[in-house]
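Asks: The task is simple: from the sequences and hints, build the whole structure.
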Amino acid sequence: MRTIFAKSVPGRAGTLPDAPAAPAAAHLPQDLLRPAAPRLPEVSELDVMRHVSELSRRNFGVDTNFYPLGSCTMKYNPRFMEYVASLDGFTKLHPLMAQLRGAGHFTQGALEVLYETERLLCEITGMAAFTLHPMAGAHGELTGVMCIAAYHRDKGNHKTKVICPDSAHGTNPATAALAGYDVVNIASVDGMIDPEHLENALDDDVAAVMMTCPNTLGLFEHHLDRIVALTHAKDALLYYDGANLNAILGKMRVGDVGFDVVHLNLHKTFATPHGAGGPGAGPVGVAERLAPFLPISRVVKLKDGRFFLDYDYPKSIGYMAPFYGNFGVVLKAYAYILRQGREGLTRVSEYAVLNANYMRKRLESHVEIPYDRICMHEFVASAVAQAKRGVKALDVAKALLDKGHHAPTVYFPLIVKECLMFEPTETESRETLDRFVDDLIDILTLAESDPAALQHAPHTTPVGRLDETKAARDMILTDDA
Amino acid sequence: MIPDDLLYTKTHEWVRMEDDEAVVGITHFAQSQLGDLTFVELPKVGDTVTAGEEMGSVESVKAASEIYSPVDGEVVAVNEELADTPEAINEDPYGEGWMVRVRVTGGQPSDGLLTPEEYAELLEE
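In the order they appear, the protein sequences are chains A and B. Per our numbering, the first sequence starts with residue 1, numbered consecutively. Per our numbering, the second sequence starts with residue 482, numbered consecutively.
Since the hints were derived computationally from the structure, they do not count as laboratory data. We put the beta carbon where it would ideally sit given N, CA and C, even for glycine. Among the clues, some could well be false.
Unchecked claim - Quick list of in silico lysine-lysine cross-link-like pairs, DSS-like style, CA-CA up to 25 Å: (1) K7(A) x K92(A); (2) K388(A) x K543(B); (3) K403(A) x K388(A); (4) K417(A) x K491(B); (5) K251(A) x K361(A); (6) K388(A) x K491(B); (7) K525(B) x K403(A); (8) K388(A) x K361(A); (9) K491(B) x K161(A); (10) K251(A) x K155(A); (11) K470(A) x K543(B); (12) K161(A) x K388(A); (13) K491(B) x K525(B); (14) K491(B) x K543(B); (15) K543(B) x K417(A); (16) K361(A) x K403(A).
To be verified - Not close to chain A: a few residues of chain B, all C-beta gaps over 12 Å, as computed: (17) M498; (18) E499; (19) S546; (20) V557; (21) E561; (22) E562; (23) E577; (24) P597.
Replies: Structure (structure tokens):
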């Protein structure tokens, strides 16, 4: 497909907007003006319309096809939330309004949405307080770990390390390192955190243990009670990576188990838009003793029922986001939670877990399932046997594209060789799951009889097999080529 | 693909002792697991390295992975070619793909290192 620049014809133009009354250049410092006009494509409005329509037809998303990308929870986002988020009362509200003297009463509805969403997330997770500011999951992690650091500083604790098991999300060690901690990795045993390994690694320098549960193998950690007790005995805090919360909604509240900090990915569990840079949202919930350290502002409800933004938290870690985070995303999650209700949210986790186990069970006689037991919302398979015949996990993934499915996550988690990680999510029907599994079994059968047929897949996509190595080694980041 | 004249680590580095200097790289097994390498980060000449501690990293299209020093000592040479040709590690891990040369200080460098037979056993597990 040609770029819009390649379609440019000198002199061609679309509908021009009204010209400003005075040239903007007259109002700008001369040294900030560009010497020549920018190189923009010269195309008609119809050219643009056809160009973007063609691009959109090449889009692959959950709105068009099954998307079982493990760990990413690519579930369908109901459209009624878009309606709620597009209401004029929200979209036309200026974000500074809430801070203007005397303007607070114009923003009560928006502040109530923030306040109520915090209360709902507290109820769902069992935490004491929430901030909605973080603008992505990893941003939430950083917020959470900064609150942990502030807690230890406030107590006069000298802590330098954070423990991350090898079955945690990859962002966990990155977050701890960014927050200034040394990362200590512990190896899991049979897919689980081993309490003895943890005990050996837990010394007085440990600030926190970061856990993903269910972990990246899709398994629920068995030793939660001991892990909580061991961690707290060293005055270390327990962090819960809530990226997999859609597996436990309505079944377990992490605050009740003893976790001190949790981040949630609204764009996963609570079905707000997802991927390719968001906008996302990664609210953080904390136990009572960590609440003073949450970012400002905080939404407070007065006795007379009015809401206001309170900035008076001297121990707060400060600002983590402009204004109040991605308000529109929070609003959609609020609508989703109210629409689902208690029973609906519980069904989310039940269907997510049922769908994953249905797929796992149908596949287990066709491909190696390294931890073949009841899984949570996702599971991992290993294409080691296929790789010996020349068909790697990557080839299986590419061949699935030719069948019209998105590929599973491959080569993650690192602790499983030739890893394929499937997360069907709760929004898919049994017919869709069956069609996918049938197609995957066809591919695995072909891997035995004719491995060469799979090594150059895909053949039906807008572009064929990409040279990922060349793309990484010879990066070209301009459009001038 | 496990040369007889080298020593190995559990983290898949190899060491060739030349008098009091150790030449270090990653094994054939390590490069085959990582796949095509795209980026190598190595210590600088003059840096002090400690056995078992991170001294650099490699990245492939699949994953990023740390490189651990097999010995205590001071870096006396670094394979600068790898910055432009990381594929040398894939093509010739024990030759052109060498990474650093370390002047060994302290105790016997063979402490804690694996013989070729022991490394072969590790890979079979």
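Asks: If a hint holds in the structure, say so; if it does not, say that too.
Replies: Do the hints match the structure? See the list:
Between the alpha carbons of K7(A) and K92(A) the distance comes to roughly 36 Å, so the proposed pair goes past 25 Å and is violated. For the proposed pair K388(A) and K543(B), the alpha carbon gap of about 18 Å is at most 25 Å, so the pair holds. As the CA atoms of K403(A) and K388(A) are separated by approximately 23 Å, the hinted pair is consistent with the 25 Å bound. Restraint check for K417(A) and K491(B): satisfied, since their Cα atoms lie roughly 17 Å apart, inside the 25 Å limit.
Annotation: proposed proximity of K251(A) to K361(A) holds, straight-line Cα distance about 23 Å (limit 25 Å). Using a Cα cut-off of 25 Å, the hinted pair K388(A) and K491(B) holds, with the two alpha carbons roughly 24 Å apart. For the proposed pair K525(B) and K403(A), the alpha carbon gap of about 49 Å is over 25 Å, so the pair is violated. Restraint check for K388(A) and K361(A): the C-alpha separation of about 24 Å stays at or below 25 Å, so the hint holds.
Among the hinted pairs, K491(B) with K161(A) is consistent with the structure: their alpha-carbon atoms are about 24 Å apart, no more than 25 Å. With a CA separation close to 34 Å, the supplied pair K251(A) and K155(A) exceeds the 25 Å bound. Proposed proximity of K470(A) and K543(B) is supported: the alpha carbons are some 13 Å apart, at most 25 Å. Proposed proximity of K161(A) and K388(A) is contradicted: the alpha carbons are some 40 Å apart, above 25 Å.
Taking the CA atoms of K491(B) and K525(B), the gap is near 24 Å; set against the 25 Å cutoff, the hint holds. A distance of roughly 21 Å separates the Cα atoms of K491(B) and K543(B); the hinted pair therefore holds under the 25 Å criterion. A distance of roughly 12 Å separates the Cα atoms of K543(B) and K417(A); the hinted pair therefore holds under the 25 Å criterion. Restraint check: the Cα-Cα separation between K361(A) and K403(A) comes to about 21 Å, which is no more than 25 Å; the hinted pair holds.
The beta carbon of M498(B) is kept farther than 12 Å from every beta carbon of chain A, the shortest such distance being approximately 29 Å. No beta-carbon of chain A is positioned within 12 Å of the beta-carbon of E499(B); the least distance is around 31 Å. Remark: the non-interface label on S546(B) conflicts with the geometry, its nearest Cβ contact in chain A lying 8 Å away (cut-off 12 Å). With a closest Cβ-Cβ approach of about 28 Å to chain A, V557(B) is found to remain outside the 12 Å limit, as its non-interface label requires.
Taking the minimum C-beta to C-beta distance to chain A, about 17 Å, the non-interface status of E561(B) holds against the 12 Å cut. Under the 12 Å C-beta cut-off, the non-interface status given to E562(B) relative to chain A holds; the minimum distance is some 14 Å. Against chain A, the non-interface label of E577(B) holds: every CB pair exceeds 12 Å, the least being about 16 Å. With a least beta-carbon separation of about 23 Å from chain A, P597(B) lies farther than 12 Å from that chain, consistent with its non-interface assignment.
Going through the hint list in order, the structure does not satisfy hints 1, 7, 10, 12 and 19.
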